[in-house]
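Assemble the whole structure, with the sequences as input and the hints as a guide.
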Amino acid sequence: MSSSLKGSAILLALLFVAGAPACAGEAQPPGHYGFGRAPTPAEIAGWAIAVRPDGQGLPAGKGSVNEGAEIFADQCAACHGTFGEGEGRYPKLAGGDLKGDRPEPTVGSYWPFATTLWDYINRAMPFPSPHTLSADQVYAMTAYILNLNNIVPSDFVADRDTLPKVRMPNHDAFVWKDPRPDTATKECMKNCVDPAKVEVESTAEGKDLTPRTTGPLDDMQPK
Amino acid sequence: MTLPDGWHEDVHETKVSGRRRFLLGAAAAGGALIGAHVARAGEAAPPADPEWSQMLGPGVVDRPYGKPSDFVKDVIRRNVPWLTAGTESSISFTPLQDQPGIITANGLFFERYHGGRATVDPAQHRLMIHGLVERPLILTMDDIKRFPSESRIHFIECPANGGMEWRAAQLNSLQFTHGMVGCAEWTGVKLSTLLNEVGLKKEAKWALVEGADAAHMDRSLPIEKCLDDCLVVYGQNGEALRPEQGFPLRLIVPGWQGNVNIKWLRRIQIGDQPWFTREETSKYTELMKDGSIRGFTWLIYAKSVITFPCPEKPAKGPGVYEIRGFAWSGKGRITHVDVSTDGGVNWERARLQEPVLSKALTRFTHEWRWDGKPALLQSRAVDETGFVQPTIAELRAARGVNGIYNNNSIQTWQVKPDGSVFDVQLA
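Chains as they are written, first to last, in my numbering: chain U, 1 to 223; chain V, 1 to 427.
Simulated from the structure, these hints should not be mistaken for laboratory data. For each residue, glycine too, the CB sits at the ideal point set by N, CA and C. Possibly wrong hints are sitting among the right ones.
[As the list claims (entries may be wrong)] According to the in silico footprint, chain U covers these stretches of chain V (three or more CB under 8 Å from chain U): (1) 89-97; (2) 102-109; (3) 208-214; (4) 324-331; (5) 359-367.
Below is the structure:
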């Protein structure tokens with residue numbers, strides 16, 4: 001009798017342990033709910049467009065700098081300028097540097113990975129008509145923009161093998177670990193700063209930058 | 001009294017018919033009009049009986065989907081036209097100066113698009129989860145809504161909020177200096193539930209999350225965060241997610257920069273390393289003064305701002321004011337907020353208003369008796385990790401002025417003797 005009681009207790013304990021995660025809404029085994037269905041390989045291939053620096057995700061195909069120049073002139077130059085110099089507020093793609101008061105981040109001066117360029121053109125460009133370029137065209141445009149930045153020679157042909165090997169000039173500037181907190185403000189409550197040293201260093205007053213916040217939407221441009 | 005445009009058009013018909021009915025009714029009652037006070041146009045304060053009290057209003061379902069009063073038609077999202085080349089890849093700002101509580105109205109929640117606002121048919125929308133998983137899945141919206149659901153209140157802040165203010169005070173407006181933030185109750189399924197359902201392989205370390213918009217906006221997220229507190233949501237403040245927020249489905253990554261909260265979520269790919277997408281290399285990275293560039297700075301650190309008084313809501317003469325504002329932190333709850341009216345010389349503890357929720361906007365108030373002299377108003381938030389909101393000078397000393405993102409500095413509002421308020425920065 002005592003052994004069967006003990007057995008029941010163990011059984012109860014096991015049930016409790018087994019039941020606990022479900023009660024707490026924690027991990028269920030894969031397929032527990034059974035909703036949805038498995039995607040076909042074709043469905044995955046159609047949507048899995050992301051490309052990594054090691055080349056994973058790059059499709060077959062290739063494109064040269066010269067081919068890219070033609071497509072770029074036709075599809076991109078209106079916003080980015082013939083040589084990637086940028087029109088109006090659209091992004092400059094080539095040249096520039098990060099020194100001085102007004103750094104100019106471009107593909108050449110800033111971007112750490114060449115594969116990102118292929119991914120982004122394929123993913124989001126041309127801005128008004130995305131997802132209209134063939135893989136060959138995206139390779140060609142990538143080659144052209146890299147060449148504009150003097151990163152690859154004019155006879156460069158971009159494909160799934162050559163692109164991951166391109167080393168970007170600014171690659172080593174990136175730190176992929178958040179160093180914050182990088183401030184250590186004190187919770188001072190009284191006489192925290194010398195009142196004589198409290199002075200206004202800059203003010204938005206009088207600067208012609210702020211759109212109105214009453215009435216209809218503003219279309220102001222700074223003078 | 002001046003009525004806003006459209007007011008008369010809205011009520012004119014009802015007013016006429018209501019008035020006529022009233023007069024007919026009065027006649028039938030045998031001259032009951034005698035002695036009744038009829039307000040003259042423009043009179044509403046006592047003893048007058050205002051005109052809206054003398055007519056029937058529109059009936060139920062006059063507006064089957066309600067909208068704000070026409071008297072607050074100026075309370076809208078606004079943009080800075082000179083900031084971006086067009087509106088399809090741009091941002092609009094929440095009018096925080098008119099947000100009374102911690103919840104941002106769905107129609108006022110700031111927008112950020114990279115390829116315009118996608119119009120997605122929920123019947124055709126799919127979420128695909130694949131990569132380093134045991135059972136890849138395609139889910140319909142109906143499938144997603146069958147999973148166990150959860151509602152939570154969280155803020156979303158674009159890390160570029162305040163990005164125009166690194167070099168100097170630039171924009172004289174609360175809406176434009178701090179309006180890239182909003183807070184809502186989000187309802188959906190925990191991302192961990194979906195990832196458990198597909199079964200992560202042991203090499204699974206990162207997730208690529210991607211939208212169905214024209215830009216197929218995508219980011220890499222560490223799997224630990226995905227399994228911690230992320231939500232895949234279809235509900236926002238008591239209704240379906242708004243198109244501006246990614247209808248029918250978006251990701252919520254509590255406390256992390258807005259950009260990773262992918263809208264129109266259509267795909268999650270599991271991998272063993274990050275993808276280094278355009279939005280986590282070319283953008284949403286921070287150029288430091290030493291030339292190094294910080295990436296993967298996802299967390300929103302503690303921040304606060306006074307929403308009254310502010311440039312849009314000036315003071316009106318000496319007397320008692322309730323200073324009001326919001327504080328928030330991506331690391332958890334706000335523990336306290338201090339307020340200074342003398343530019344940071346002395347501080348007093350503000351009152352926090354319940355609810356004080358993790359990774360949500362938290363309201364603070366502080367009574368201030370203004371003597372009419374120039375004042376410099378500041379608020380300073382502290383979160384449950386003990387992190388203290390820094391000054392802009394401290395941030396500049398640590399990072400320089402070219403980082404664009406993650407400006408969580410103490411805001412200073414200068415109050416002039418006439419009550420007007422200006423965005424300033426102190427030395």
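Please check whether the stretch 324-331 of chain V has three or more residues whose CB lies within less than 8 Å of a CB on chain U.
violated (count 0)
In terms of beta carbon proximity below 8 Å, does the stretch 208-214 of chain V have 3 or more residues touching chain U?
Holds, because 3 residues of the stretch 208-214 of chain V bring their Cβ atoms closer than 8 Å to Cβ atoms of chain U.
Proximity test - 8 Å, beta-carbon atoms, the stretch 359-367 of chain V to chain U, at least three hits
It is violated, with 0 qualifying residues against the three required.
With a cut-off of 8 Å between beta carbons, are at least three residues of the stretch 102-109 of chain V near chain U?
violated (count 0)
Between the stretch 89-97 of chain V and chain U, are there enough contacts, at least three residues with CB-CB distance under 8 Å, for the coverage claim to hold?
Since 3 is at least three, the answer is holds.
The structure fails hints 2, 4, 5 (numbered hints given earlier, in ascending order).
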